Amino acid sequence: MAAGKAAAGKAAAEPLGRTAEEVVWAEALRGACEPEHHWRHRREFLLRNVGEPPAAGSAQLQRLVSLSMVWANHVFLGCR
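As numbered in the UniProt record's numbering, residues 1 to 80 make up the sequence shown, in order.
One should not assume that every hint holds.
Stated by the list, open to error - Derived CB-CB ranges, DEER-like: (1) V24 with R80: 31 to 37 Å; (2) G78 with V24: 30 to 36 Å; (3) H37 with L67: 26 to 32 Å; (4) A20 with P54: 17 to 23 Å.
Calculated directly from the structure, the hints in this document are not laboratory data. Predicted, not measured: the structure shown is a model, and the values here were computed from it. Glycine included, each C-beta is placed from N, C-alpha and C at the ideal position.
With the sequences and hints as input, model every part of the structure.
This is the structure in structure tokens:
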């Protein structure tokens with residue numbers, strides 16, 4: 001029974017079709033005060049649009065993170 005709960009928790013933590021490495025990479029990009037609901041959707045945005053994870057500190061990574069934040073602000077806060 002406990003193994004079933006652990007498997008369900010792991011499945012909920014990892015977006016469908018994502019490896020554990022991809023999820024760990026994305027988790028490093030989470031904002032300190034970001035609500036769980038916003039993070040779940042922004043993480044999915046990042047994982048859908050990343051392709052090959054860019055190098056830390058690269059312009060490509062900064063652009064992707066910026067776009068994910070703009071998208072989240074538009075969707076959740078109604079910013080235009």
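Hints and how they fare:
1. V24 with R80: 31 to 37 Å: Hint holds: Cβ distance 34 Å, inside 31 to 37 Å.
2. G78 with V24: 30 to 36 Å: 32 Å, holds
3. H37 with L67: 26 to 32 Å: 19 Å, violated
4. A20 with P54: 17 to 23 Å: Given range 17 to 23 Å: holds, Cβ gap about 19 Å.
Of the numbered hints given earlier, the model fails hint 3 alone.
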